[in-house]
Amino acid sequence: MMKKLILLAFFCSTLFPAFSQEQAVEAEDKLTRLMSDREQLVMEYQYLNQQNNSFWGNKSKKDLLQIIDTLKEIIKKDTELIAAVKEASVKKIAETTVERQRAGNQVQVDQRQINNRISGLQDQVSALQNQLKKRERTITDLELQLTETDDVRYGKDKVIAMLAGFIALLFIYAIFLQIRLGKLKNAKPRKKRTQN
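Counting in my numbering, the sequence shown runs from 50 upward without gaps.
Accuracy of the hints is not assured; some may be wrong.
[Unchecked claim] In the SDA-like style, the derived pairs of lysine to any residue whose C-alpha atoms are separated by at most 25 Å in a straight line are:
1. LYS110 - LYS79
2. LYS79 - LYS135
3. LYS111 - LYS126
4. LYS140 - GLY153
5. LYS234 - ALA223
[To be verified] Simulated restraints on C-beta separations:
6. GLN194 - GLY231: 25 to 33 Å
7. THR146 - ASN107: 25 to 33 Å
8. GLN160 - GLN180: 51 to 59 Å
9. THR128 - GLU148: 24 to 32 Å
Source of the hints: derived by calculation from the structure; they are not laboratory data.
Glycine included, every Cβ here is placed at the ideal spot set by N, Cα and C.
The whole structure should be built from the sequences, with the hints applied where relevant.
Here it is in structure tokens:
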């Protein structure tokens, strides 16, 4: 029964928020009206209780019947007040329950959104880390290729330099031999002339 009341209050508060506010004002007006009616009945009871219309100065039967009727009306108003207070408190409890549920639902929705954002950011971070690792691998591969090319190039350059040095030595040696051979040729005919 309480769940049905809560659901009904939730339904009413979501569809008719202005209507629920009017109901709250109406409930307060009803409580105020019942309280003022009860105060009037209590004042009437006090007035009737002070009356002494009997022959001996006591309360007459008519006074006692009016007091009893007034007390019955007071009891009736008290019952109405209790029912109105219960109704207002049930509505208030329903409204607070609905607000708590809304707040709880909002917290859950916010938590889901935060979790989704966090997981999205984590996915982005992992994707960026993977890209960074790929770039680092590419850089290391390119560095290895560069060192290999440098080694090959410098190896060829060394061979070329050594061959150039060897050729230069051979050229110098050839020039040296040519000069020596030229001296020998020039030196041999002179000796022949001196012999003749």
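task = Starting from the hint list further up, note which numbers the structure goes against and sort them upward.
result = Going through the list in order, the structure violates hints 1, 6, 7, 8 and respects the others.
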